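What follows is each chain in one-letter form.
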Amino acid sequence: MSRRAPKLARGVALVGAGMSKFGAFADKTSRDLFVEAFNAMAKSVDKGMDTGDIEALYVGNFSSDLFEGQGHVAPIMADWVGLVPKPATRIEDACAASGVALREGIIAIASGLYDIVLVSGTEKMTNLPTERVTDTLAAASDAVYEASCGFTFPALYAAIATAYMAKYGATVEHFMKVGIKNHNNGALNPKAQFNKSIRDLMNARIEKAKQKGEPVPQWNDELDFLKDPKANPVVAWPMRLFDCSPITDGAACLLLVAEDMAKSFSNNPLYIVGTGQGSDHALHEREDLTTIGAARTAARTAFEMAGVIPDDIQIAEVHDCFTIAELVATEDIGFFKPGEGYKAAEEGITARNGAKPINTSGGLKSKGHPVGASGAGQVVEIWAQMRGEAGPRQVPGKDIRLALTHNVGATGGTCTVHIFQRR
Amino acid sequence: MTEEREFNSASFYQFLAEKKLMAARCRNCGVLYLPPHPICTKCHGPDMEWVESKGKGKLAAFTVIAVGPSFTLDEGYSRENPYLVGIVELDEGPKVSGRIHGIDPGKPEDIKVGTPLTIEFMEPEEGKKCYLTFNTL
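Chains as they are written, first to last, in our numbering: chain A, 1 to 423; chain B, 1 to 137.
Only chain A is shown next, with the shape it has when bound in the complex (with noise of 0.2 Å):
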């Protein structure tokens, strides 16, 4: 059976995009934070919207039932901003429920049934102890064949570091690396939960211990500071710390309309020019333990829908849950051959600066991982950095006409990803 070319029956555009801050919030509900993203998002619209007019709502949600025995989400979501009795519908596939809910968002315009779609994702994770989060994040694996002898989300991702390690000759300072340089990013986004850079980090460490009368750490740079085990302690070897994102409560929002209606909400809308999504098997069962199926079929279609090639890409917001994942990442999207990604890291070419900025909101890894808000998050940041209102960390000298989101669930059984245009 010949397959058929991915296309959209009609276009769609995005005319607001907003995110609450990322963080711990111990006051907080999922609601709240949705409301705070939704505002945010409301905000974003040049010319205004009435929530009146939003046919329906899509969120992205891993696991509130677990995280804070809240089942059934959606209608709550709706309910708290005005939008009862419009459908109400719940995505869950693990960290990319919302890449999931965006995804199905645009379908539902492009078919036709609507023209205007709330998007979100929403994750209160943080009423729970560590090691339930841990069980719960688990929970996104394979339950029957991996969690069962001990493995947890960390330890997969750990997992497919020694097996790049072992294949192309990386080392954990490349992964530390590429910690380094997000949280240089999430220092300058006022929304991030780290908004520290490493240095920053360090140089309070140090500071803390002078004011304490404590034996003040000898650490030269950043890289001294991340292989010391007390200051950045394993996690799951090879990934320590400062190789994971944290645990985070947030929120995320974005509006889509019908393509021809974009004008009349926004000044500066931008076009979704490719949608694609992918699914994989269990870590274990896959030829290639470098390398995301998941992500390789999602960037194929996108790519194929929007008629253009990673090169012509200008940013992206990748899938940092782990400082790994983001090597992975910038390889099966195209950017870098495989194997050639931690090297394209090392050189800069990933640094805002850089040739092919990858991760300007500070990534997962420094703004912050409320798992199934995470896909929508990285929509605000594009949508920010495409319409030159990303203040002190927009990048600089670039026209931004073409990017792009990879959102990737669990170990990536999931993987959505976007590409975005403004004319």
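Derived by calculation from the structure, the hints in this document are not laboratory data. Just so it is clear, the structure is predicted and the values come from calculations on it, not from any experiment.
Covered stretches of chain A, going by a simulated chain B footprint (3 or more residues, C-beta under 8 Å):
| id | region |
| --- | --- |
| 1 | 126-137 |
| 2 | 145-151 |
| 3 | 224-238 |
| 4 | 279-288 |
For lysine to any residue, the following SDA-like pairs were computed, each having C-alpha atoms within a straight-line distance of at most 25 Å:
| id | chain 1 | residue 1 | chain 2 | residue 2 |
| --- | --- | --- | --- | --- |
| 5 | B | LYS129 | B | GLU52 |
| 6 | A | LYS167 | B | THR118 |
| 7 | B | LYS112 | A | TYR168 |
| 8 | B | LYS42 | A | ARG300 |
| 9 | A | LYS210 | A | LEU241 |
Idealized CB from N, CA, C, for every residue including glycine.
Chain B: place on chain A using the hints.
For chain B alone, coordinates are given in the frame of chain A:
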């Protein structure tokens, strides 16, 4: 002799408790599945048979886990006493996830992808689940 058991996880873990590592093989195209699958994902044929694996292979990927899930805390593991898990590529082809014994988790830098491993069957204990475990040759 072909075993008449369903191609599901209950059978797989029952076999494991009986100290047999069993794979499902597609009678149509011969592809081997371990963990067992009830339908061949290559030719989509539903006709499978059980075959025993020798349980020998090599380490394809690994990690030393310092922060484990709750049940490993109950097993006595901790940041100070981490444990090793990995993906093992069996000689027959399939790769599986398992616990790895016989290698020092205290020195992860020294662990080599490609290290030969053999299945180590757990003694079934009341109220305790068996899982795949491998040891060095």
